Amino acid sequence: MPSSAAQADPIPANSIPTDRRLALHRTMQTIRATETTLSRLFADGEIPGFIHLSVGQEAVAAGVVGALGPQDSFATTHRGHGHVLARGVRLDLFFKEIMGRAGGICGGRGGSMHVADLSLGVLGANGIVGAGLPLATGSALAHQTRRTGGVAVAFFGDGAMAEGALHECLNMAALWTLPMVFVCENNGWSEFSPTSTQFAATLDKLGAAFGVPHRRVDGNDVAAVAEAAAEVVEAARGGGPRILECLTTRWHGHFEGDPQRYRNADEIAGLPQNDPLRRSAEALLAAGVEESALAALVDSVDAEIRDALEAARADALPDADAAFRDVYTPTTLTAGA
Amino acid sequence: MPSSAAQADPIPANSIPTDRRLALHRTMQTIRATETTLSRLFADGEIPGFIHLSVGQEAVAAGVVGALGPQDSFATTHRGHGHVLARGVRLDLFFKEIMGRAGGICGGRGGSMHVADLSLGVLGANGIVGAGLPLATGSALAHQTRRTGGVAVAFFGDGAMAEGALHECLNMAALWTLPMVFVCENNGWSEFSPTSTQFAATLDKLGAAFGVPHRRVDGNDVAAVAEAAAEVVEAARGGGPRILECLTTRWHGHFEGDPQRYRNADEIAGLPQNDPLRRSAEALLAAGVEESALAALVDSVDAEIRDALEAARADALPDADAAFRDVYTPTTLTAGA
Amino acid sequence: MPKPLRYVNAVAQALNDAMAADPAVMLMGEDVAAAGGPFKATRGLLDAHGPERVRDTPISEASLVGAAVGAALTGMKPVVEIMFMDFVTLAMDAVVNQAAKARFMFGGQCSVPMVLRTPHGGGLNAGPQHSQCLEAWFAHIPGLRVVCPATVADAYSLLRAAIEAPDPVVVVENKALYALQGDIDVNAPREVGKARIDRAGRDATIVTYGATLYAARAAADRLAAEGIEAEIIDLRWIQPWDEEAVFASVAKTHRVVIAHEAVQAFGVGAEIAARIASDAFDDLDAPVLRVGAPFMPIAFAKTLEAAYLPDADRIVAAVKSTLA
Amino acid sequence: MPKPLRYVNAVAQALNDAMAADPAVMLMGEDVAAAGGPFKATRGLLDAHGPERVRDTPISEASLVGAAVGAALTGMKPVVEIMFMDFVTLAMDAVVNQAAKARFMFGGQCSVPMVLRTPHGGGLNAGPQHSQCLEAWFAHIPGLRVVCPATVADAYSLLRAAIEAPDPVVVVENKALYALQGDIDVNAPREVGKARIDRAGRDATIVTYGATLYAARAAADRLAAEGIEAEIIDLRWIQPWDEEAVFASVAKTHRVVIAHEAVQAFGVGAEIAARIASDAFDDLDAPVLRVGAPFMPIAFAKTLEAAYLPDADRIVAAVKSTLA
Ligand SMILES: Cc1ncc(C[n+]2csc(CCOP(=O)(O)OP(=O)(O)O)c2C)c(N)n1
Ligand SMILES: Cc1ncc(C[n+]2csc(CCOP(=O)(O)OP(=O)(O)O)c2C)c(N)n1
Ligand SMILES: [Mg+2]
Ligand SMILES: [Mg+2]
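Protein chains in written order, with this note's numbering: chain A, 51 to 387; chain R, 51 to 387; chain P, 1415 to 1738; chain Z, 1415 to 1738.
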């Protein structure tokens, strides 16, 4: 059984050095600006299908993914742009994918719900709520068996807690002391329903039932997330599974185009007060970073996005014959049709 | 949220009147003698397929099922003979079913793993571990919606705790305050593995996570089970779901014919010391019941079983054409082929 | 004359009317109550019938469908919604091992009067896990019925029939049809297993179901312009499917193309083709051809999805090839 | 000459040899380690390869198979056992939405080298939830491969091929064959998609796979006694199936019967029949016939199971009917 994380001596969040905080801020800015751009592109009909944006949840992505080493892996959700961007996926390949272009990281075959970058240990966004939990469990099992030293992270939403996969995976991870972190992005919403009407348990008590230590953080405070993530990831590396629950906020609709009639106007109006970007900027200014440096950071991110978007718009649409060739892996085993 | 059962004032087990205890004992004796007979029949090749016997677990069946009213329902498991017998299924129809005869309660189509008696609210034994949990959840939902006043019970084994269905159903039952009792027959074994190597949580903590009150009883003490079951069933009737965990013992192999090489000889040798039948008999003798009365009870049960077995042996094997007619219900809606 | 309805509203009206007619009917699904359903197929029903009979459920597909079986065995007639057919992968035990078999394996003691509604199909660029057509799986399972309404009228009548049917029915809607407009007839016969001749013709038979009906109609129009009269059979029911109607048409036209959106290999069309090849072999003047999706997952990108979905071009080519 | 092995021991030996050859291969399943497997197909492997690579898992089929996908994406080659094919209903999301699609939907970035072994089939009176043959479901899913070894030799070679194949393979064993004795050849070619001519003949072709091979052999013997020479094709691979072998045989015999244990309607035979009816239509001199299980769940009672399972009688009758 893993020892309780509650006994660990936490690194105080404010001990994070300023350059690290700036890097986290830049990641968040990249996610925010990308998501905002995608929102506009979607409204303009430049993105097919449907997309789920993580505006308001940037601190979780930046903080958790920032705590991972190169050997680590993660599985994410339908709302996974932030995690993949935080991991450093090439921005042009990302835009091409979401826009369904040939040069997308997945050849335009997956789109928003299936962005993956196996070269970075990103096992994919997922269209099936809860499905990332067993993927990450298996990835952790592989890390353990292969002795890679890696940790696997499962991102999941609060609505996903109702799926039996959470129970099954907490159990396997606990039984086998897997190097795994369960990261819940608790934004209070499960599609159009408040999760409080959908789930009767709490994650801390569930963790306690399986002997999996649980930490809850303010998921809109990137320094707090980064500190907590660093702690649980390192604890999981040798000591078995951990749960990190990040309380956060979903600014946009469940999907783009969702009019959010089910949501209280006051709640929506109040969201910017808890803006992880604004809070991070304030902390940076308080730490002596110049206003102009932050403005330059915004400009530089915008320029990157502009370039990526331009490349994406210039890219061709994918070709059906090429796609067909990736249904199976070419093999030397004699294969039929 | 249901109020905590821990606060309920339990009826002391020893307050159960002697005639009620005798009835419970008779139920247990019926189960024991039936299972023992089936074991012999199986060894002799008179039963096709495979069967899972509940020898050693009789007190759970007698105590829990004895606490149910006529409007109540339950779903059971692959090891479900005891529950069905305790509910009063006709013994000849039961034997015919297990032996695959035409006159079986299910026409010989289900056998041991699918004994059901819908007229008694028995939603069936089940070949799928954990599948009874959602069936009982839905049955409880129907009781609630139809205002039948009924309670639904889900029997499940300790090995079944690892299935996600437990999590999903605890959640739905808690959210909707369903009239439902989760009865775990914890015999320590999940097929050939000790459940301690398979499941990291405990049912009391899981219950606490969902706000579902949990009681644990000595599942080999029929009076204790009966008292606890009466309490949780009545609590569930108005107050939402309850968990009753019964610690018990599996005397036979996982299935008949299982040589149990994985099991310690001492453990097996020690089982009779905790025999629910012997303990019940001792309690009855202490309460003034005559030894001869118990012997007469055994004889009378044996006679019933003899008759049922004789009827089963005399019964025909089922006819394939007749079976085919029950794939669908005849309907006045114009139907195709 | 009633105003034309959208397909999705015809579904809602069928649910409403069934609930009004029978207090045992209830709805369960993710966001079906307060939000009126992810596709608005249950809009207004919470207000009309209350929170006990219209239940928002947690994201727990496996137990949700299992609970519907238990409720059906205890006097209710549950209609469960699985938001996308792809998610039914989570609930196959409840459908296949429990719902489909309970009547048979309990010796006819009970029926399991439940309906599982779920949308399949592409055309919305919803990608590989939100577009699959898996109806062939269910058609393979004795004890289940499977229906796929292609028109607004059938969206109403066939759902009413499914709810009234005593056994479990999988109702497969096509999400690309939800916005389709048409009329319903609340008094239309509610039949199980009956196909509909969508268009009469003498030269070849196109057997289809679901959204592919519209590709078949476009194909038939184009063929007619060339003097080829194709008969279109909208199967509607996939299990049981209307052998009589199909065989009668083949006996007349001697040529047949089976078209559907699902992956062709091991799809619904395989069974129909196989039965024609065995039971109507002597009526055939040409190979039995199928038009279905290629053997690959459905992709997100517009070009890829468009190339993937069976269309009028492919149906026209197949019909002509049976006449060549 | 090596001693003959039982089918189940050939499985164990294939697993052992694959693990010895490749440290990435690992086993997961319920009671596969300490107990050596519910059917003893993994006996001795825990001792040989240790508890990290041979894992007893909790009863959590859905996450077990999902974890295998995650492990396969992280450098392992997991072989998972699902104790009875009926239980795969709990794990369909992992197989169909995750394993089958990952390579395609991630644009060819990765493969998912995993195997799911599971026994299907009746004959043991195991009843409606422990006997089903569901291979047609998997054959319908692009990205999966499906194999069904009928002989002891194939139990070894095809499992080795499945483990070596880079993509997910569903290996369907038949539990009634586990006790069968035969020889293996550890050096036999490990092929994907190749059928085997089990018996050459000129008058009619019997296409089969799995345990029904033995009914086909018995049928061919009886037919031979009447002067009818049936060719038997043991398909072995169901996805991809060997079109070349089947079409070549039909071109020779002009008559075909497809026999399998699975429910006939919407079963594997439907696709083979449909392809023959389209691609080999001109070679056919008779209707394409199928022999499969009737459209009902498999029942427990001896009489019912015996009447249910396709047998030599029905195959003989079908072959004769193609020659009538
Ligand atoms: C198995 C499955 N069921 C339902 C859905 C539809 N769905 C997509 S997202 C979602 C809500 C998820 O809520 P949560 O896990 O809290 O994630 P969030 O959207 O808040 O990030 C639902 C029901 C799905 N994609 N997969
Ligand atoms: C879904 C599923 N997985 C696996 C099995 C095989 N199986 C039958 S009983 C059993 C062990 C169950 O243990 P437990 O729940 O403790 O019940 P017990 O046998 O002890 O009564 C297993 C693994 C099954 N029948 N269904
Ligand atoms: Mg949420
Ligand atoms: Mg047990």
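Hint data in this document are derived by calculation from the structure and do not stem from the laboratory.
Please read these numbers as outputs of a predicted model, since none were measured by experiment.
Possibly wrong hints are sitting among the right ones.
[Said to hold, decoys possible] So the derived label-pair ranges between C-beta atoms look like this:
id: 1; chain 1: P; residue 1: 1489; chain 2: A; residue 2: 309; range: 35 to 43 Å
id: 2; chain 1: Z; residue 1: 1538; chain 2: R; residue 2: 343; range: 40 to 48 Å
id: 3; chain 1: R; residue 1: 313; chain 2: Z; residue 2: 1602; range: 35 to 43 Å
id: 4; chain 1: Z; residue 1: 1661; chain 2: P; residue 2: 1489; range: 52 to 60 Å
id: 5; chain 1: Z; residue 1: 1693; chain 2: P; residue 2: 1639; range: 24 to 32 Å
Cβ atoms here follow ideal geometry from the backbone N, Cα and C, with glycine treated the same way.
Hints versus structure:
1. P:1489 <-> A:309: 35 to 43 Å: holds, 38 Å
2. Z:1538 <-> R:343: 40 to 48 Å: Because 44 Å falls inside the window, the suggested range holds.
3. R:313 <-> Z:1602: 35 to 43 Å: 40 Å Cβ-Cβ, so the 35 to 43 Å window holds.
4. Z:1661 <-> P:1489: 52 to 60 Å: Holds, since residue 1661 (chain Z) and residue 1489 (chain P) (Cβ atoms, about 54 Å apart) stay within the stated range.
5. Z:1693 <-> P:1639: 24 to 32 Å: holds, 29 Å
Every hint, counting from the list given before, is met by this structure.
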